[in-house]
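Colleague: Chains as they are written, first to last, in this note's numbering: chain A, 1 to 113; chain B, 114 to 223.
If you're looking for bench data, these hints aren't it; they were derived computationally from the structure. Incorrect hints may have been included.
List of simulated lysine to aspartate or glutamate pairs, DMTMM-like, C-alpha gap at most 25 Å [unchecked claim]:
hint, chain 1, residue 1, chain 2, residue 2
1, A, Lys57, B, Glu145
2, B, Lys122, A, Glu44
3, A, Lys15, A, Glu83
4, B, Lys128, B, Glu180
5, B, Lys135, A, Glu101
Pairwise CB distance ranges, derived in the manner of DEER restraints [stated by the list, open to error]:
hint, chain 1, residue 1, chain 2, residue 2, range
6, B, Arg116, A, Ser66, 36 to 46 Å
7, B, Ser141, A, Ala2, 46 to 56 Å
8, A, Pro61, B, Ser141, 21 to 31 Å
9, B, Pro188, A, Asp63, 43 to 53 Å
10, A, Ala2, B, Ser153, 33 to 43 Å
Note that beta-carbon positions come from the ideal geometry of N, C-alpha and C, so glycine has one too.
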Amino acid sequence: GAGVSQSPSNKVTEKGKDVELRCDPISGHTALYWYRQSLGQGLEFLIYFQGNSAPDKSGLPSDRFSAERTGGSVSTLKIQPSEPRDSAVYFCASSFASNTEAFFGQGTRLTVV
Amino acid sequence: AQRVTQPEKLLSVFKGAPVELKCNYSYSGSPELFWYVQYSRQRLQLLLRHISRESIKGFTADLNKGETSFHLKKPFAQEEDSAMYYCALASYSSASKIIFGSGTRLSIRP
Chain A
1 GAGVSQSPSN KVTEKGKDVE LRCDPISGHT ALYWYRQSLG QGLEFLIYFQ GNSAPDKSGL
61 PSDRFSAERT GGSVSTLKIQ PSEPRDSAVY FCASSFASNT EAFFGQGTRL TVV
Chain B
114 AQRVTQPEKL LSVFKGAPVE LKCNYSYSGS PELFWYVQYS RQRLQLLLRH ISRESIKGFT
174 ADLNKGETSF HLKKPFAQEE DSAMYYCALA SYSSASKIIF GSGTRLSIRP
C-alpha cells in the first residue's frame, strides 16, 4: 500500500488477555516507531527500530510489552498480559531514514476492560 | 541529550487572532526540525519542516539557533486550525530516532 498500515484498527479485550498489534510500514523505510496516545494526551514514545534492531526501547512501560520487526518490514507490538491502563491509541510510524519525514499509521484503538 | 519542549499543553485563541505555538529544543549538532499536526480523527501528518522554508496553510516556522527555538506562527487563526500540534527534532548526522515534543492542543474560538 501507499501508506503505513496498522491492524486491527480497533481492539477490545479483557484484562489478562494477550494483545498483538501489527504495523506494515512503507516499503523501503528503514526506521520504524511505536507510540501510544492516551485520551487527551500527547504522544508517548515506546520503541524505535532501525532495520530489524531496536536501538532504543526505553519507552516500553513494562516487561509486559515487547516488540519485534522482521525482514526490515513488518513490526508487531505485544502486550502480555494486557491491563486496563494499557488502553490507548497505539500509533506506528516509519521513515526512509531516521532524519527524514515520519509517516504515521491510522492507529489501533485498544480498550482493555 | 536531545530534547524538544513545548511549554503549552493547551492554547486557545479567537478566530482571526495571531497564533504562536512555542517549541524549544536541545541538541548539540545540526538538527532537522519539523512540525506535525493531528486533526480530529485523523492520523498525524507533517505540516512543515524548517529546511524547506515554506508556508503551509498560512503557517510558518523559523529556526532560531541562538534561542534554540522553532516556534510555529500564523497571523490570522481559522477555526479549521484547531488540532494537536507536535514539534519534532531529528539529527542530520546520526541514525538516532526522531524526538517529538509533548504536543500543544490549539483551540480556535469562533
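Colleague: Against this structure, judge whether each hint is valid.
Modeller: How the hints compare with the structure:
1. This hinted pair checks out: Lys57 (chain A) and Glu145 (chain B) have alpha carbons roughly 22 Å apart, not beyond 25 Å.
2. A hinted pair counts as satisfied when its Cα atoms are at most 25 Å apart, and Lys122 (chain B) with Glu44 (chain A) qualifies at roughly 14 Å.
3. A distance of roughly 5 Å separates the Cα atoms of Lys15 (chain A) and Glu83 (chain A); the hinted pair therefore holds under the 25 Å criterion.
4. The suggested pairing of Lys128 (chain B) with Glu180 (chain B) is violated, with an alpha-carbon distance near 29 Å, which exceeds 25 Å.
5. A distance of roughly 20 Å separates the Cα atoms of Lys135 (chain B) and Glu101 (chain A); the hinted pair therefore holds under the 25 Å criterion.
6. Under the hint 36 to 46 Å, the C-beta atoms of Arg116 (chain B) and Ser66 (chain A), about 27 Å apart, miss the expected range.
7. Taking the beta carbon of each, Ser141 (chain B) and Ala2 (chain A) are about 36 Å apart, not inside 46 to 56 Å as hinted.
8. Between Pro61 (chain A) and Ser141 (chain B) the beta carbons are some 29 Å apart, a value that agrees with the proposed interval 21 to 31 Å.
9. The beta-carbon spacing between Pro188 (chain B) and Asp63 (chain A), approximately 50 Å, falls within the hinted interval of 43 to 53 Å.
10. One distance hint, 33 to 43 Å for the beta-carbon pair Ala2 (chain A) and Ser153 (chain B), is violated here, with the actual separation near 23 Å.
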